[in-house]
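Peer 1: The residues making up each chain are set out below.
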Amino acid sequence: MRRMIPFDPSKVERPNPALLKYYIITALLTGPLSVFVILPFLFKYETLRYKFDSEGMSMSWGILMRREIYLTYRRIQDIHLTRNIIQRWLGLATISVQTASGSSAPEVSIEGILEADALRDFLYTKMRGAREHHDEEHVVAPADEALSLLREIRDSLRRQIQPESRP
Amino acid sequence: MTRNVERAAAWMYRGVWGLLTRWFRVPEHPPTLPTLPGETLRSFRPAEGFLRYLKLKFWLGLAVFTVLIVGAWIALTAARPWIGVWLTPVALAIVAVPLVLGYLAIHLRYDSTWYVLSQRSLRIRSGIWTISEATITFENIQNVTVESGPIERFFNIANVLVDTAGGSSGGGEHGTKGSTNLHRGTLAGVSSAPEIRQLILSRLSQSKASGLGDESLPPATGWSVEHVAVLREIRDALR
Numbered sequence: 001m002r003r004m005i006p007f008d009p010s011k012v013e014r015p016n017p018a019l020l021k022y023y024i025i026t027a028l029l030t031g032p033l034s035v036f037v038i039l040p041f042l043f044k045y046e047t048l049r050y051k052f053d054s055e056g057m058s059m060s061w062g063i064l065m066r067r068e069i070y071l072t073y074r075r076i077q078d079i080h081l082t083r084n085i086i087q088r089w090l091g092l093a094t095i096s097v098q099t100a101s102g103s104s105a106p107e108v109s110i111e112g113i114l115e116a117d118a119l120r121d122f123l124y125t126k127m128r129g130a131r132e133h134h135d136e137e138h139v140v141a142p143a144d145e146a147l148s149l150l151r152e153i154r155d156s157l158r159r160q161i162q163p164e165s166r167p
Numbered sequence: 168m169t170r171n172v173e174r175a176a177a178w179m180y181r182g183v184w185g186l187l188t189r190w191f192r193v194p195e196h197p198p199t200l201p202t203l204p205g206e207t208l209r210s211f212r213p214a215e216g217f218l219r220y221l222k223l224k225f226w227l228g229l230a231v232f233t234v235l236i237v238g239a240w241i242a243l244t245a246a247r248p249w250i251g252v253w254l255t256p257v258a259l260a261i262v263a264v265p266l267v268l269g270y271l272a273i274h275l276r277y278d279s280t281w282y283v284l285s286q287r288s289l290r291i292r293s294g295i296w297t298i299s300e301a302t303i304t305f306e307n308i309q310n311v312t313v314e315s316g317p318i319e320r321f322f323n324i325a326n327v328l329v330d331t332a333g334g335s336s337g338g339g340e341h342g343t344k345g346s347t348n349l350h351r352g353t354l355a356g357v358s359s360a361p362e363i364r365q366l367i368l369s370r371l372s373q374s375k376a377s378g379l380g381d382e383s384l385p386p387a388t389g390w391s392v393e394h395v396a397v398l399r400e401i402r403d404a405l406r
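First to last, the protein sequences are chains A and B.
Sequence positions in the first sequence follow this note's numbering and run 1 to 167.
Sequence positions in the second sequence follow this note's numbering and run 168 to 406.
Quick caveat, the hints were computed from the structure, so don't treat them as lab data.
We treat Cβ as the ideally placed atom computed from N, Cα and C, and that holds for glycine.
Among these hints, one or two may not hold up.
What the hints assert, rightly or not - Here are the simulated distance ranges between beta carbons: (1) B:Leu368 x A:Ala105: 26 to 36 Å; (2) B:Ile236 x A:Leu29: 27 to 37 Å; (3) B:Glu173 x A:Arg74: 44 to 54 Å.
To be verified - Facing chain A, a subset of chain B residues (Cβ under 7 Å, in silico): (4) Pro201; (5) Ala301; (6) Glu306.
Hey, can you work out the whole structure from these sequences and the hints?
Peer 2: Next comes the structure, spelled out in C-alpha cells:
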C-alpha cells in the first residue's frame with residue numbers, strides 16, 4: 001500500500017484524471033467507432049460527482065439525461081471490485097455495489113478512485129453484518145431506563161405513604 | 168524422463184507467472200478482509216484435488232480432440248502418402264498447442280483464485296485478465312448450496328454456491344456457472360465444503376433480519392423479571 005494518510009471517503013468528489021485516460025483508451029479500442037463512443041465518455045467524466053456521507057453515498061452524472069443515485073450503506077448486499085488489465089496499469093478499479101433489487105446489473109459502479117481498496121473496505125465496514133449486532137445494545141439501554149424509572153416511582157410512593165399512619 | 172518434462176513445465180509456468188505478476192499487475196498476495204479485534208481470517212486456494220479435477224477434465228476433452236486429429240491424419244496419409252507426410256508438423260502443432268495453452272490456463276486459473284473467510288464475511292478473488300473480488304457478509308446470504316458431481320466426489324471436492332437477495336441473470340435455480348450473476352459467490356473446488364456451510368449457517372441462524380438490508384429489530388418492550396418485581400413492590404406499597 002502506498003497511501004500513508006488514512007483514506008477519507010468524504011473527501012472524494014470527483015473521479016481521478018486517470019479515469020479520463022481509461023475512457024479514452026477504451027474508446028480508441030473500438031476502432032472507427034471511437035468518435036461516437038468517446039463523446040458520452042467525455043460527458044460522463046466531466047459530470048461525474050460522488051458524495052460519501054456517514055449514512056450513504058450518492059453518485060450523479062449526465063448532461064442531457066441526468067442521473068443521480070442514492071443508496072444507504074446498510075442496504076448493500078454485496079460489493080464487487082473488478083480490475084481489468086488497462087485499469088490495473090492505470091491504478092484504477094470498478095467497485096460495483098449491489099442492493100437486493102431485481103436486476104443482476106450492479107446498482108452503482110464507482111469508477112475512477114485510486115484508493116479503490118480502501119473505499120471498498122470502507123463500504124464493507126458500513127455494510128450489514130460486518131459489525132456486531134446492534135440488537136443487544138438497543139434492547140439493554142431502554143430496558144434499564146424503564147427499570148430505573150420504575151424504581152424512582154416506587155421510592156417516591158414509599159416516601160409519600162410512609163409518614164401517614166395507617167390503620 | 169517424465170520427471171524432467173514435469174520440471175521443465177513447472178519452470179516454464181513459473182516464468183509465465185512471473186511475467187504476469189509483473190507486466191499485468193496480477194497481485195501476488197492473497198486478498199485480506201478488514202477484521203474486528205479477535206477475529207480470525209482464513210485465506211486458502213481451492214483444494215489440490217480441484218487442480219487434478221480440472222486437468223482430468225481437460226485431458227479427457229483433449230484425448231477426444233487428439234483422436235480426431237490423428238485419425239484424420241492417418242486417413243489422409245493412407246490416401247495420399249505425400250500430403251500426409253508433409254502435413255505431419257501441422258498435425259503435431261494442432262495437437263501440441265492446445266495442450267500447452269490449456270495446461271497454462273488451468274494453472275493460472277488455479278493460482279489466481281483465492282477464498283478468504285472471516286467469522287462474518289467472505290471474499291472471493293478470481294480471474295487473470297479481469298481480476299474480480301467479491302465481498303459478501305454472511306448476514307446477507309439467503310441460501311447456501313453445496314454441489315458435487317461424481318468425479319468431484321472422487322477427488323473429494325465440492326462447490327459451495329452462496330446466494331444473496333436479488334435477481335439472477337436467468338438460468339434457473341442452479342443456473343449458469345460463469346455467467347455474470349453478481350448476486351452469487353462461488354467457492355469452486357473446496358475440500359471443506361460442509362465446514363464452510365456450517366460456518367455460514369450458524370451465523371445466519373443467529374441473525375433475526377431477513378438479509379434484505381433491513382435494520383436490526385426495534386427494541387423489545389417486554390417486561391423483564393426485575394421490572395415485574397419492582398411493579399409488585401409498587402402495588403404492595405399502595406395497599
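Peer 1: A separate judgement is required for each hint: does it hold in the structure or not?
Peer 2: Consistency of the hints with the structure:
{"no.": "1", "hint": "B:Leu368 x A:Ala105: 26 to 36 Å", "in the structure": "holds (29 Å)"}
{"no.": "2", "hint": "B:Ile236 x A:Leu29: 27 to 37 Å", "in the structure": "holds (35 Å)"}
{"no.": "3", "hint": "B:Glu173 x A:Arg74: 44 to 54 Å", "in the structure": "holds (52 Å)"}
{"no.": "4", "hint": "Pro201", "in the structure": "holds (5 Å)"}
{"no.": "5", "hint": "Ala301", "in the structure": "holds (5 Å)"}
{"no.": "6", "hint": "Glu306", "in the structure": "holds (3 Å)"}
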